[in-house]
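**Student:** Mind the numbering: the sequence shown is residues 625 to 716 in our numbering, read in order.
Read the hints as simulated data drawn from the structure, not as lab findings. Just so it is clear, the structure is predicted and the values come from calculations on it, not from any experiment. It is possible that some hints are incorrect.
BS3-like mimics (lysine-lysine), calculated; alpha carbons at most 27 Å apart, straight line [as the list claims (entries may be wrong)]:
(1) Lys683 <-> Lys672
(2) Lys673 <-> Lys683
(3) Lys695 <-> Lys672
(4) Lys660 <-> Lys673
(5) Lys672 <-> Lys660
(6) Lys668 <-> Lys683
(7) Lys660 <-> Lys683
(8) Lys672 <-> Lys662
(9) Lys695 <-> Lys683
(10) Lys662 <-> Lys673
So the derived label-pair ranges between C-beta atoms look like this [as the list claims (entries may be wrong)]:
(11) Arg690 <-> Glu669: 23 to 31 Å
(12) Glu699 <-> Glu669: 53 to 61 Å
(13) Thr700 <-> Lys660: 31 to 39 Å
(14) Leu712 <-> Glu678: 27 to 35 Å
(15) Ile708 <-> Arg686: 28 to 36 Å
(16) Tyr676 <-> Gly654: 12 to 20 Å
(17) Tyr709 <-> Tyr675: 45 to 53 Å
(18) Tyr709 <-> Lys672: 45 to 53 Å
(19) Tyr701 <-> Asn677: 31 to 39 Å
(20) Ser711 <-> Ile681: 38 to 46 Å
(21) Ile681 <-> Asn714: 41 to 49 Å
(22) Glu679 <-> Lys704: 29 to 37 Å
(23) Glu699 <-> Glu679: 26 to 34 Å
(24) Asn677 <-> Thr700: 25 to 33 Å
Cβ coordinates follow ideal geometry from the N, Cα and C atoms, glycine included.
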Amino acid sequence: MGKLFGTDGIRGVANVHPMTTEMAMQLGRGTAYIFKNKDSSQLKEIIKKLYYNEELIEKLGRNARRVVEEKYSKETYLEKLLQIYDSLLNEN
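Build out the structure end to end from the sequences listed, making use of the hints.
**Tutor:** Below you can see the structure in the form of structure tokens.
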């Protein structure tokens, strides 16, 4: 699977780094549009839909941000790390 922006799909919001299809699938529905590689007509429809609907762009961005903050926050990372440490300590 390729990059989501420009080749295999389009992001709902602009980011510094391109979003992969895998990342979009992990984030879930309502965060990005995915289209088939080299399907320019599908890409055109997605671009038109986003171009004429600023509210949709903002919604996709809010959804993506919420999911990332929930799944990848510092607190979530530290909690998972502590679980790993606990499981390693409890093995002995």
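**Student:** Now look at each hint and say whether the structure bears it out.
**Tutor:** Structure-based check of all given hints:
Among the hinted pairs, Lys683 with Lys672 is consistent with the structure: their alpha-carbon atoms are about 16 Å apart, no more than 27 Å. As the CA atoms of Lys673 and Lys683 are separated by approximately 13 Å, the hinted pair is consistent with the 27 Å bound. Of the supplied pair hints, the one linking Lys695 and Lys672 is violated, its CA atoms being roughly 30 Å apart against a limit of 27 Å. Using a Cα cut-off of 27 Å, the hinted pair Lys660 and Lys673 holds, with the two alpha carbons roughly 17 Å apart.
In summary, the hint linking Lys672 to Lys660 is supported, as the alpha carbons are separated by about 16 Å, within the 27 Å threshold. The straight-line distance between the Cα atoms of Lys668 and Lys683 is roughly 20 Å, inside the 27 Å bound, and the hint therefore holds. A distance of roughly 23 Å separates the Cα atoms of Lys660 and Lys683; the hinted pair therefore holds under the 27 Å criterion. With a C-alpha separation of about 17 Å, the suggested pair Lys672 and Lys662 falls inside the 27 Å cut-off, and the hint holds.
Note on Lys695 and Lys683: the hinted pairing holds, with a Cα-Cα distance of about 18 Å set against a maximum of 27 Å. Restraint check: the Cα-Cα separation between Lys662 and Lys673 comes to about 18 Å, which is no more than 27 Å; the hinted pair holds. At about 26 Å, the beta-carbon gap between Arg690 and Glu669 stays in the expected band of 23 to 31 Å. Range check, Glu699 to Glu669: about 39 Å between beta-carbon atoms, so the 53 to 61 Å window is missed.
A hinted range of 31 to 39 Å holds for the C-beta pair Thr700 and Lys660, which are about 33 Å apart. Distance hint for Leu712 and Glu678: a CB-CB separation of about 49 Å, inconsistent with the stated range 27 to 35 Å. Distance hint check for Ile708 and Arg686: the Cβ-Cβ separation is about 31 Å, which falls inside the suggested range of 28 to 36 Å. At roughly 19 Å, the beta carbons of Tyr676 and Gly654 sit within the given window of 12 to 20 Å.
Restraint check, Tyr709 to Tyr675: a C-beta distance of roughly 48 Å satisfies the suggested window 45 to 53 Å. At roughly 50 Å, the beta carbons of Tyr709 and Lys672 sit within the given window of 45 to 53 Å. Our hint of 31 to 39 Å for Tyr701 and Asn677 holds, since their Cβ atoms are close to 34 Å apart. About 42 Å separates the C-beta atoms of Ser711 and Ile681, a value consistent with the hinted range of 38 to 46 Å.
Ile681 and Asn714 have their C-beta atoms about 47 Å apart, which keeps the hinted 41 to 49 Å range intact. Remark: the range hint 29 to 37 Å for Glu679 to Lys704 is upheld by a beta-carbon distance near 35 Å. A hinted range of 26 to 34 Å holds for the C-beta pair Glu699 and Glu679, which are about 30 Å apart. Our hint of 25 to 33 Å for Asn677 and Thr700 holds, since their Cβ atoms are close to 31 Å apart.
The structure does not agree with the numbered hints 3, 12, 14 stated previously, though it agrees with the rest.
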